[in-house]
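> Here's the letter readout for the chains.
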Amino acid sequence: MKRPMTLAEKILAAKAGLEVVEPGQLIDVPVDLALANDITAPIAIKIFREAGIPKVWDREKVVLVMDHFTPNKDIQSAEQVRLCREFAREQGLIHYFEGGNCGIEHVLLPEMGLVVCGDIVIGADSHTCTYGALGAFATGVGSTDLAATWITGRTWFRVPESIKFIYRGRLRPWVTGKDLILYTIGDIGVDGALYKAMEFTGEAIKRLSMAERFTMANMAIEAGGKVGLIEPDKKTLSYVRKHSKKEPLVFKADRKASYLEVREYDCEKIEPQVAFPHLPSNTKPISEVGHIDIDQVVIGSCTNGRLEDLALAAKIFKGRKVNPNVRAIIIPGSPAVYREALRKKYIDIFLEAGAIVSPPTCGPCLGGHMGILAKGEKAVSTTNRNFVGRMGHPESEVYLASPAVAAASAILGRIASPEELGL
Amino acid sequence: MKKIKGKVWRFGNDVDTDVIIPARYLNTSDPKELAKHCMEDARPEFARQVEPGDVIVAGKNFGCGSSREHAPIAIKAAGVSCVIAESFARIFYRNAFNTGLLILESPEAAREIEEGHEVEIDPEAGVIKDLTTGKTYRCQPIPPFMKELLEDGGLIPHIKKKFARVRLEEEAS
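Sequence lines, in order, name chains A and B.
Per the numbering used here, residue 1 is the first one in the first sequence, and the count goes up by one each step.
Per the numbering used here, residue 1001 is the first one in the second sequence, and the count goes up by one each step.
The set of hints was computed from the structure by calculation and includes no laboratory data.
Don't take each hint at face value.
[Claimed, not checked] Pairs of lysine-lysine, BS3-like flavour, derived with a Cα cap of 25 angstroms: (1) K1160/B - K1076/B; (2) K1160/B - K55/A; (3) K1036/B - K73/A; (4) K46/A - K1160/B.
Just so it is clear, the structure is predicted and the values come from calculations on it, not from any experiment.
Throw the hints in and build the complete structure from the sequences for me.
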């Protein structure tokens, strides 16, 4: 009988054209999409040119998204983008995003239908693992690995061991996919899934929106994971059919597959989570946070910049005012999210509350621009990392949370649960 | 691979890529510029005082966070000859081999070797010697595939070599 395989193993075996694969095995696979951004593409372009190869392997599968410092923050970042633009033109790339069509890469790509179930995606961006929510084997690589794929259309992987996470029960009020993933990282640590595939399962996952599933897969890297996978279901397929013309390839884990570890969580016990500085694993339930005054709130990013995230924030901002001591920055993750948020009047609600609405950009998440912290300032952010200096001064602090906690915190001027607003 | 000798700079667990090279400096990919800000938010004096050949010793999960290849590039351009750690984050691990930065996994050495000690490393034999204490450590052998990459001079030369071989075979047939 064939060796039963995990979801990660099933995708990799099929794509490598092998009957079975097992953890530790080195395999060579064709890549369905290769992504880079305005920070990582310039190095890949230099390497590609030095290799003396005239054309990328497939101009429809090389994607460049100029999202990190957009709108370009200074001359040097504008020069980096110019280099990418020239490369995109020279190579005749179909999917080049800059300016009005540009969104945050991991919000944009699924929305544009560029990734579907069963794809192998590599991206010179660590949050490429986001597409695991579609049941795609997607992972971050460096610029050299990416340039190699531009040449060959393939990449190598060591088949990872898998850890299965089972989320049982119903979510409590104001608990979201963001809270589940923060809780998980808090449980296993920032290297708890180092080199491993994380497989998110259980009835609570089935009930999550696609936006929340993207949030969970997105942060697999914060536990050191290679991928964060969710088995496609009806919700996944209806999302993919709505957004893409590509045919999805649905893989499911074998029932008897063997996992390095299985961890089960009772969602009824999980409160909204806050990750304290300076690691995403430094989590506390909201009831144990205490009184922490804040200077800034950021709602957005590849983690929480989707329409559902803005809808959640709007529900809390509606009819309320941002605390005068707080700058609340809201960043729709893509032009489509922005337009839909306008149509649904979320943007009106944010502006009436006294928030700042930014164009789609990674901007403050990585301390690039559009919301940098001064020495000693504290921010609640729906982003993915709270490392030292991540959003600005090395002595500033970032607290990671869901859009619900971030919005309530913006109103109250301190880290707070929406329940404190009587919601 | 040549033997290496250098002075140790110690760092803790989970040294992330934002500490290795903060994103605010990623508006360039010039190795010399990046080297100026290497480890800036953890030890501001590092970039100024590090000397060619010096060695970084750190705890677990070194290089966690972003996929930025600027991180191993900055470390290498700062003059660091080798990073010894208990473990490395996945993307950083690949990037280090791809950019030619020597990294060695040795939990015992990573825990015991102290700041300022002089170490001698024989990468071929997988041996680290703390010259200050005289103690010798073995490190995890470099996986054969990664060694092949190193021997070919990195991933791109490796691919070009493979391409050339395929072409030869095609011509022969």
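> Confirm or reject each hint.
Results of checking the hints against the structure:
1. K1160/B - K1076/B: holds (24 angstroms)
2. K1160/B - K55/A: Between K1160/B and K55/A the Cα gap is close to 14 angstroms, so the pair holds against 25 angstroms.
3. K1036/B - K73/A: holds (21 angstroms)
4. K46/A - K1160/B: holds (16 angstroms)
Hint compliance for this structure: every hint is met.
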